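Enquirer: Just so you know, the protein sequences line up as chains A and B, in that order. Position 220 of the first sequence, counted from 1, bears residue number 214 in the working numbering, the numbering being contiguous throughout. Position 467 of the second sequence, counted from 1, bears residue number 461 in the working numbering, the numbering being contiguous throughout.
Since the hints were derived computationally from the structure, they do not count as laboratory data. Be aware that one or more of the hints could be misleading.
Note that the list lumps identical chains together, so a pair holds whenever it fits in one copy or between two copies.
As the list claims (entries may be wrong) - List of simulated lysine-lysine pairs, BS3-like, C-alpha gap at most 30 Å: (1) K343 <-> K119; (2) K199 <-> K189; (3) K189 <-> K491; (4) K491 <-> K199; (5) K205 <-> K319; (6) K55 <-> K105; (7) K55 <-> K83; (8) K119 <-> K138; (9) K494 <-> K343.
Keep in mind that this is a model prediction, so the values were computed, not measured.
Number of protein chains: 2
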Amino acid sequence: MSARDIILKELLEASHLQGVEALLGWDQETYMPEGAGAARSEQVAYITTLMHSKLVGDPLKDALEELIDLQTGELRIMTLNDQETRQLKEIWRDYRQEATLPADFVSELAKHASVSQQAWVRARKDNDFTFFEPFLTRMVQMQKEKAGYLAIGDTPYDSLMDQFEPDMTSEKVSGLFQEIRTRLVPLIQNIQEVKHRVNASVLTKEYEIDKQWDFGVSMLEAIGFDMNHGRQDKSAHPFTTSTHPTDVRTTTRLRENDLKSALLSTLHEGGHALYEQGLPIAEYGNPLGQAISLGIHESQSRMWENLVGLSPQFWRFAYPKLQAKFPDQLRNTDRDMFHAAMNRVRPSKVRVEADEATYNLHIMLRFEIEKMLINENFPVAELPQLWNDKMEEYIGVRPENDSEGVLQDVHWSFGAFGYFPTYTLGNLYSVQFFNQARIDVAGMEESFARGDYSGLLTWLRENIHSKGRGRKAEELVLELAGQELSAQPFMDYLEAKYRKVYNLS
Amino acid sequence: MSARDIILKELLEASHLQGVEALLGWDQETYMPEGAGAARSEQVAYITTLMHSKLVGDPLKDALEELIDLQTGELRIMTLNDQETRQLKEIWRDYRQEATLPADFVSELAKHASVSQQAWVRARKDNDFTFFEPFLTRMVQMQKEKAGYLAIGDTPYDSLMDQFEPDMTSEKVSGLFQEIRTRLVPLIQNIQEVKHRVNASVLTKEYEIDKQWDFGVSMLEAIGFDMNHGRQDKSAHPFTTSTHPTDVRTTTRLRENDLKSALLSTLHEGGHALYEQGLPIAEYGNPLGQAISLGIHESQSRMWENLVGLSPQFWRFAYPKLQAKFPDQLRNTDRDMFHAAMNRVRPSKVRVEADEATYNLHIMLRFEIEKMLINENFPVAELPQLWNDKMEEYIGVRPENDSEGVLQDVHWSFGAFGYFPTYTLGNLYSVQFFNQARIDVAGMEESFARGDYSGLLTWLRENIHSKGRGRKAEELVLELAGQELSAQPFMDYLEAKYRKVYNLS
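Bound conformation, chain A alone (with noise of 0.2 Å):
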């Protein structure tokens, strides 16, 4: 076997065990019995190593020697051509991060992940965040050491967001957030001086949970989403996995009083599905096959959820079938009123309720406080403190207890430090790639109210799903928008979306 042959061999071995462990992870929220979580540990932390092992493997490396070096990365060999350049330059990022994790130290971060994220099930359950407390501690702990191992940034929390968004930085995420904030707070307060004029209670009515689920799944096909090669389920807490590219699977989550919480995380999950369903099978465990960055992923699934399923646009298709199966609740709504009580703008307490506008605002405050776990050494005790009283600072609202406060995002428990800024990337991207979707494809949005979403899919299919990692996030978007990643779209976008839902001068 030639050297390509080799490292593309392991590396899709390594991925049968990246969907190996995707299948525990998801079987973990939806099905499994709660009484095997100390064995499901146990089996997750041993895949995981030995992903670490083949990733690290001598096969892998020196084989990767032939064509690289692993020190600078320069090539060896003269005659790949530019995409076969990219995934191996991908492969060799990859390697290098992961061969500076100690084998011991992968095994028992896996560990402490699983046993730390069903500690935060229980102290979010009972409200209790002192009994979460050692296991963030030693969390944080690990993530600091993770961050020495990685040393990719100018501080420890740069080399932990670097996992999740390749090259981005803490000084670039900072200008792009106080770019956002310099116009998101007034924008806010305009509308927080009208709030009168949108009523959100039609949504908080008594809409059957087996009528929601009919819809939302029905919205999912809509969309794009092939059933055939995935699914959706109930969870605790909304997510999408892939164990391949044919095997794509989402969760929800619904409540009797909540027609809007449902209906956009499945939309929002549909966006990552969407994604990991289009990515080229063919090229199917190596980069080329892979999702670009969270940042990237992101932009899919808030796209879909806000700029197609917060547009006048989607209503026109969707709401008629929604009073359909609705007719009690919504016989005295238009679709205006509806479309407007679906994009109201409050501040409030928990991020995934969240409004588009206020969102990021909870993105903010999470990467202030994360840049002071862990960089700064802030005490994890104070933690339920210090939240509150960003809180405040950021959105107004103070939280009444630790489980809608600080204990609301699933994230830290399992070590997922510097991926809350992909979130706000997510959405600054989306409508970089949406404006110049609807410059491509001829009519998009009025197909949209004839329940047609192909343009869009196929634009998104074309120029970013099939690529995998042929592109950097920073040159995808030059590529595609013309410009750099940027604030000023997206905002553009809010304040001519609310100046019409709120009637803002």
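We have chain A; now place chain B onto it with these hints.
Expert: Positioned in the frame of chain A, the structure of chain B alone reads:
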């Protein structure tokens, strides 16, 4: 680490892989999207390959070689107690079996098994044996090859059977089957002459699926199935699998006009599951934490299905509850009539629908055919004809198509040749064990009528489940029942039972 610690560590890791493989298999039969089959085959084959490498790898081999002569099985260490000696001998037995198989063969077989099983599903659905034929032909070839590697028994078929029922031989099975047949055929004839005495039409009224499901779950819980460490789902073919003793999963299959099938399959799988949940967690990963053999496993499932679930005492407890669920359907059927209906004997085409008596004829037929395929090169293309002829000879009915004939069982498609005999062996063991439990546990069957199954379960837990592979099957039956495996108790039980049900002279 000591040699013994190394061995246990390696085996524990192999068990993690086995648990993962169990989940992959469970998912494939329950929730996996249809289009994910090809990717799943690759994942399963890869995990199987990893497991094989682990089980024949140098760390295990070298450590084992310190303690035992790999050729002769002679101990090289004298400080082990009885259980440790047994443990080591069983580990050695497994090692020898695994080490005879080349890694490429293991991987190829795993892949073909998955592909061939999917082909069988399609062939059965389409009633198209020709479609399945090449897959089965290749599988039979691979099984012959496997028998050649294993080379344990007098014939290739004996080598295959030994995988499922260690130390069992065709000769012993033939003897037992002959003994059963001698008494069973006249018994069935006697019953056929008075078959009008039992009317089973009540079982094929319309019974709502959801209510059947709820009743089945309540019966599972009544017999002691722990839902905190297990679950039940639906699948095309009922099965039980375990990712760990704390995560044991059964499935059932429900049909509106068939009350008996789902209920008995629920109890049957429940019996398997109780065994798996009762294995000692402290020994997880090594033979002392594993089930003895498929025959012993089947003794548990058949015991709960037949000796408990078809007993008059069980229905004293269960029938009022069933009547409460289905008052309209069961209004005019009293408990004795219902019990007789559940116990009706009637020659039929499909094994899994067969009654307790004729069931064993289905097994004998498969045993004969399997020997012809594996030992005598009987051509796969002529299987349908052979099957139908033997059905007429053994059971007196002739299938009208291959879906209800030679295609009815999944086993051959994934390579389980030598597996079927364990079903009848399980019947024999089950009566031998049950007779002893009845002696040891005062008032055991009376307590069934009060819904208390803890006497039997505790007896099984103490005497069978908790021992893992600490005894061989033949030792266990001798130790518990004071006699060797025998057909006589089983036939005594059947004759006595049907004398009552059919009021035979």
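Enquirer: Next, verify each hint and record whether it holds.
Expert: Hints versus structure:
1. Taking the shortest Cα distances, K343 and K119 sit within 30 Å of each other inside one copy (17 Å), while across copies they are farther apart (53 Å).
2. For a Cα distance limit of 30 Å, the shortest separation of K199 from K189 inside one copy, 20 Å, qualifies, whereas the shortest one across copies, 60 Å, does not.
3. With identical chains, the CA atoms of K189 and K491 are at most 30 Å apart within one copy only, with a shortest distance of 15 Å there and 78 Å across copies.
4. In this homomeric assembly, K491 and K199 come within 30 Å of each other (Cα to Cα) only inside a single copy, at 26 Å, whereas the closest approach across copies is 60 Å.
5. In the homo-oligomer, the alpha carbons of K205 and K319 lie at most 30 Å apart both inside one protomer (7 Å) and across protomers (27 Å), since each shortest distance falls under that limit.
6. In this homomeric assembly, K55 and K105 come within 30 Å of each other (Cα to Cα) both inside a single copy, at 26 Å, and across copies, at 28 Å.
7. Taking the shortest alpha-carbon separations for K55 and K83, only the intra-copy value of 14 Å comes in at or below 30 Å, while the best inter-copy value is 39 Å.
8. Taking the shortest Cα distances, K119 and K138 sit within 30 Å of each other inside one copy (28 Å), while across copies they are farther apart (56 Å).
9. Taking CA atoms no more than 30 Å apart as the test, K494 paired with K343 passes inside one copy only; the shortest distance there is 26 Å, against 70 Å between copies.
The structure fails none of the hints (numbered hints given earlier).
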